[in-house]
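Student: Chains as they are written, first to last, in the working numbering: chain A, 1 to 436; chain B, 1001 to 1436.
Hint data in this document are derived by calculation from the structure and do not stem from the laboratory.
All of these numbers come straight from a predicted model, not from anything done at the bench.
One or more hints might be untrue.
[Said to hold, decoys possible] Restricting the straight-line Cα-Cα distance to at most 35 Å, the calculated cross-link-like pairs of lysine-lysine (DSBU-like) are:
| hint | chain 1 | residue 1 | chain 2 | residue 2 |
| --- | --- | --- | --- | --- |
| 1 | B | K1028 | A | K28 |
| 2 | A | K124 | B | K1257 |
| 3 | A | K28 | B | K1382 |
| 4 | A | K257 | B | K1390 |
| 5 | B | K1124 | A | K173 |
| 6 | B | K1124 | A | K122 |
| 7 | A | K387 | B | K1173 |
| 8 | B | K1369 | A | K173 |
| 9 | B | K1257 | A | K224 |
| 10 | A | K382 | B | K1224 |
| 11 | B | K1257 | A | K59 |
| 12 | A | K28 | B | K1257 |
| 13 | B | K1028 | A | K122 |
| 14 | A | K124 | B | K1173 |
| 15 | B | K1173 | A | K223 |
Protein chains: 2
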Amino acid sequence: MMSRPVNIGIIGFGTVGTGTARILLQKKRELEERAGFPIILKRIADIDIRRDRGLRLPKGMLVKDYREIVDDPEIQIVVELIGGISPAKEIIVEAIRKGKHVVTANKALLATSGHTIFNAAKRKGVEVGFEASVAGGIPIIKIIRESLVGNNIQSIFGIINGTSNYILTKMTKEGVDFSTALRDAQRLGYAEADPTLDIGGIDSAHKLAILATLAFGIPFSFKKIYTEGITGLSQLDIQFAEELGYTIKLLAISKQKGRDVEMRVHPTMLPSGHILSNVGGVYNAVFIEGDAVGQCLFYGRGAGEMPTGGAVVSDIVDIARDINSGAVGRIRDIGIAGRSDLRIKGMEDILSCYYLRFYAIDKPGVLSKISGILGSFNISIKSVIQKERKKERAVPLVMMTHTARERDVVNALREIKKLSVVTGRPVYIRVEEEGE
Amino acid sequence: MMSRPVNIGIIGFGTVGTGTARILLQKKRELEERAGFPIILKRIADIDIRRDRGLRLPKGMLVKDYREIVDDPEIQIVVELIGGISPAKEIIVEAIRKGKHVVTANKALLATSGHTIFNAAKRKGVEVGFEASVAGGIPIIKIIRESLVGNNIQSIFGIINGTSNYILTKMTKEGVDFSTALRDAQRLGYAEADPTLDIGGIDSAHKLAILATLAFGIPFSFKKIYTEGITGLSQLDIQFAEELGYTIKLLAISKQKGRDVEMRVHPTMLPSGHILSNVGGVYNAVFIEGDAVGQCLFYGRGAGEMPTGGAVVSDIVDIARDINSGAVGRIRDIGIAGRSDLRIKGMEDILSCYYLRFYAIDKPGVLSKISGILGSFNISIKSVIQKERKKERAVPLVMMTHTARERDVVNALREIKKLSVVTGRPVYIRVEEEGE
């Protein structure tokens, strides 16, 4: 193996860029010992070269123009950490065209343009590392690509958005409403000023697109993912869930059966004994079921300067090892062969158990009307709760169903909504029992 | 990258050998697609070539003499799955001398002779894969060596013996005593006829020796690990723990601070909200705290044909990729530089909180005598429980301490045992609060 230094350039000096630079600079000696050669941070580019990131850089290391990295023939690995689609995409494509290896944490870009990026890299014979794009400090990309190489994965699901999980944990533990919990998350820096990507489930869907591609070999399919965020969740449903022995989490779920792949992001009720139910605050966790490994779970910080910076550094060291041992392309494509025969299952065809909540007038015959409609759509009821009694007034009526088809549930609820004894919009939340 | 087939020989056709062979044979096509070249199981050796393992092998694949593998110039990777020290060690050393790469699940061998094996491999320029040696299906070796390469690990601890965890889970959930739970584990095949290695904590200590070497760069130090099994645990202490909000688990613990490394295996009380408390049955879980990643946890099946076989296959694919891309030795040594300046902390010097349980005569002044002795050894008490009242008779007295030094606790208990009002041997269980 060669012991030549490998030179790195970082584009984007925000949170993750700072963490990456901090590790590369402060652990230079350890990284050299572990890799067997020096890994040199040569340059960092950011449009803001004034802000203090609490990190002392050698003079001249921080520059404004990313071209000083992409055009530098000495730099072998370009680390893109600016996020978003443009100009990140153009910069990565340009870096690849110039023969640079790329490390990125950009889930939005990979989820939507992953094939463009990976195909360009393949043509040029360079590597693309993306460990930091999903679940921050949890090395889920390497686990799927390398450790589970002897498995056919059957399902993968998890909590992969720390902001939403922080909000849900706070709503569950402290009984506060959604907007209070969101404000608290914003105050602590766990949520952005515009939190749409996180609380709308879009960020989870970006990451799920990447996970499903790795796990099942399906093309990156962000646009086809059914996505429902946590904005509409009410304290009432969180409390009913608790009473029934469940916890509500925002899950990203992908399952494969035969040629069908399910891909969906939505609030989900998990049995309180489920290992994912106990994942609180900003932590992430990914549950995988494989035909050899069985059920396994990986838990850790899903974001933040140092956890995500550490994931970027692991990619840098991996690629640097490949460079110096002449093994670029050692892991083929994205690690799993593409499967052209898979199709994404329409949301209306998924099977799940459901939590249903209605506001219905408390009078005789109402339950029979509602359950009659459910029955006519092949939905059978596992349990019913009606706690309050307010004769002739609307009270919450909660039902847990056995396995039913999404389409049937949606159609049944449409019929039930029309009943004169039902007020307001019926609520339904999917239930996940697997892995309990 | 070359697309030559890589030939494999498995020595030892027991549980893990069967799982490994099953995956290599039944997923030949998938593995070839993922690796980019064929991975061929050429031969399996076992002294028992008659027993039915439920797997159809091509004629001539199964042989009695391991030399048909070690001497075969076509075989590049020798998979040692016979376990135990001898003749596994001799076979591995011979295979290495003949230039074969080695994959092994043999924790006892690595924990005691790891340096002999790794040094021989280094001299000969071959690789040794050992993912399957710790925690079965959990890819903890790769995670520490590769994914956490940018971290200095501060602590690593976990449940890494499924047999003990099954027994403790059963004792906790069903209230049965140790011997009943053990018999049940034996009936289900989770415990061997001679369960000493598992319930005595020795198997956990073997694995801890490997984890600590990877995490901290300390030489394999099995013999220096303080090891206490679960044999002495009574139902009474499990119940008191529960009442105090704790769960008892057999933990393997290693922590580094400055030059000191702690290494110990013993029953440990964890707060019931701790993520490790909810790891039940035969599952394993490893908790790691690193300076970049923060706290993370990896959970899965710690043993069994398919989970462990899958781990062996991941090593085979890794090494085969290195062979075909000319990158043998891509990861240096065992992945982390050795540190000669570390020393193993004596058990008597560790600091911990403690659960203490005495049988003491129920009469005035007893608590003051006991707490007086504890105080004189700098042990301060956090809480006391004495539930039963039986005037002038022995009743259990339970105390939780603040952080104390092991030596002080042992010495104080020796004094307390001498008190005429105390009957029987005082019990103490260490408490782990980190990572809650």
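Student: Look at each hint and say if it fits the structure.
Tutor: Tested hints:
At most 35 Å may separate the alpha-carbon atoms for a hinted pair to count; K1028 of chain B and K28 of chain A exceed this at roughly 41 Å. Among the hinted pairs, K124 of chain A with K1257 of chain B is inconsistent with the structure: their alpha-carbon atoms are about 46 Å apart, more than 35 Å. Proximity of K28 of chain A to K1382 of chain B is assessed by CA-CA distance (about 44 Å); at most 35 Å being required, the pair is judged violated. Under the criterion of a C-alpha separation no larger than 35 Å, the hint pairing K257 of chain A with K1390 of chain B is inconsistent with the structure, at around 63 Å.
Distance check on the hinted pair: K1124 of chain B and K173 of chain A sit about 58 Å apart at the alpha-carbon level, beyond 35 Å; violated. Annotation: proposed proximity of K1124 of chain B to K122 of chain A holds, straight-line Cα distance about 34 Å (limit 35 Å). As the CA atoms of K387 of chain A and K1173 of chain B are separated by approximately 31 Å, the hinted pair is consistent with the 35 Å bound. About 42 Å separates the Cα atoms of K1369 of chain B and K173 of chain A, which puts this hinted pair outside 35 Å; it is violated.
Proximity of K1257 of chain B to K224 of chain A is assessed by CA-CA distance (about 49 Å); at most 35 Å being required, the pair is judged violated. As the CA atoms of K382 of chain A and K1224 of chain B are separated by approximately 56 Å, the hinted pair breaks the 35 Å bound. At most 35 Å may separate the alpha-carbon atoms for a hinted pair to count; K1257 of chain B and K59 of chain A meet this at roughly 34 Å. Distance check on the hinted pair: K28 of chain A and K1257 of chain B sit about 20 Å apart at the alpha-carbon level, within 35 Å; holds.
Taken as a hint, the K1028 of chain B and K122 of chain A pair is honoured in the structure, with Cα atoms around 24 Å apart against an allowance of 35 Å. With a CA separation close to 58 Å, the supplied pair K124 of chain A and K1173 of chain B exceeds the 35 Å bound. For the given pair, K1173 of chain B sits about 45 Å from K223 of chain A by alpha-carbon distance, which is inconsistent with the 35 Å threshold.
Of the hints listed earlier, those the structure fails to meet are numbers 1, 2, 3, 4, 5, 8, 9, 10, 14 and 15, in rising order.
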